[in-house]
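Q: Here's the letter readout for the chains.
Number of protein chains: 2
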Amino acid sequence: MTQIYDRVALIGLGLIASSMAHGMRRAGLAGEIVGTARSAETRDTAREIGLCDRICDTVAEAVKDADLVVLCVPVGAMDVVAREIAPALKAGATVTDVGSVKRAVIEAVQPHLPDNVHFVPSHPVAGTEHSGPRSGFAELFEERWFLIVPVEGAEPEAVDRIEALWKGIGAKTARMDADHHDLVLAVTSHAPHLIAYTMVGVADDLSRVTDSEVINYSAAGFRDFTRIAASDPTMWRDVFLNNKEATLEILGRFTEELFVLQRAIREGNGEQLHDYFTRTRSIRRSIIEAGQDTAAANFGRTPTDPK
Amino acid sequence: MTQIYDRVALIGLGLIASSMAHGMRRAGLAGEIVGTARSAETRDTAREIGLCDRICDTVAEAVKDADLVVLCVPVGAMDVVAREIAPALKAGATVTDVGSVKRAVIEAVQPHLPDNVHFVPSHPVAGTEHSGPRSGFAELFEERWFLIVPVEGAEPEAVDRIEALWKGIGAKTARMDADHHDLVLAVTSHAPHLIAYTMVGVADDLSRVTDSEVINYSAAGFRDFTRIAASDPTMWRDVFLNNKEATLEILGRFTEELFVLQRAIREGNGEQLHDYFTRTRSIRRSIIEAGQDTAAANFGRTPTDPK
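Chains as they are written, first to last, in the numbering used here: chain W, 1 to 307; chain X, 1 to 307.
Quick caveat, the hints were computed from the structure, so don't treat them as lab data.
All the given hints hold, so there is nothing to weed out.
Chain W stretches covered by chain X per the calculated footprint, using a threshold of three residues with CB under 8 Å from any CB of chain X: (1) 193-204; (2) 231-242; (3) 263-270; (4) 288-297.
Note that beta-carbon positions come from the ideal geometry of N, C-alpha and C, so glycine has one too.
I would like the entire structure built from these sequences, with the hints used as guidance.
A: Given below as structure tokens:
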């Protein structure tokens, strides 16, 4: 594949940034990949595993002469990082981010950027429950969606170029408006995460009563919640604080619906429950047909290989 | 391995029964495996794939001379099936079931059984989102728990013998009281299933607004809910109707906790959210250490193989 940017700077070296580094390198999309992270430990790990061509100790050093700067920090840190990079950015550079919310990131970042750089917010709809520089892998974005949320007046060429980069690491791309993005993600990601965190928290409270039973018998459904609830706490705190309204709206609908089903249970209305469960089953099929999950039972987990 | 029963009769031929048939056959645990199912289509499929040694058209025929009868029907059908098998049971036979709730099953089955048979309720804490006679596989129970819930006055030898069978198909076993079982499973299975069904239902309502976006961007957490919510509707209707109190109690706690977290979001209390998410993360680790799930990211789903 052809090189798309001469120099790419990754700010923050967690799951997304490290997967990008592997993906860009595999496809030869960047002349040089530079990285930095706030913690010295993370930078040391990145150096040790040779994650980037060069690891810098400061943000200003990392973005110097970069053609593309990718902000891979928690949403709550975007404002501070934007202030730090602004004076060091090269004229004509593109800045993007990979935050899971877009309206709040645009408001946090855009005011600080000089007029001579392009800001093209992005969001890769992909992830795992692992975090840190060792957790990345080149295949993370394959067949997953990258949502591009161009700000008003964005230069079409800059948007096309970053879209080519995301396609180059295997992703599909779509463009949408920031508010619409935040609502869709509240449904597909933010509300499900809060619900999973909550259910796991409830089980944890109860496990003091039931010892390790909750752990041992988790294969009955609960373990799938724990995977989601094992995601990075800082990232998720920031997501909820920065997509407050949409998340609360979806949670409101969820609670309303849950109460309806609870009442059906209390009243013994089997027909209502059966109809509901039949409807939800078909959604699974659509997701498999859309290539967004495997049809293999239990996600293809090998029962004999628990580690 | 040594044969444990001369003849085993499987009543109902879904995921659990078909996995048992494969597991018993692989380990040579039964002299003859006989099966039956209510629907002619299921019986035909079972015959076609050679699931059992013999498929009978009636329940009475299937249980005749069987040393072990396994009721693998939805919880709501246990009462009817118990009445049907009762007159045909061999003296000294053992009857077990694989229902996900135990108090209600004991109440539905025990009164109908003659005094000269042993009733040893069981519950395999294992499953997938697939159902029917083709969905079974011998490895389903490996390293998973079989909970044995002996009724009062159960003959120790009959209990030991069925425990040996479950161990023979690869499972771990534990014994517990029916009410305790129903409470633990409400936490690890019943409440999580209702929550997953609810969230998928909410997304389905909204997807009429957002077209296929909910499907396309499901990789952000939602798809794990859809797996759970794709489980058999009849089985789950019966679980909720028959473990009403425990499920409603856990859902009550869940809603209470969800409201606390919703308020933290509304008030912007990041510390509370971060603390909560940090606590839930450690539970995932315990489940992996207990051998009840894989540590591989995203359950080891292969991103390049979506089908």
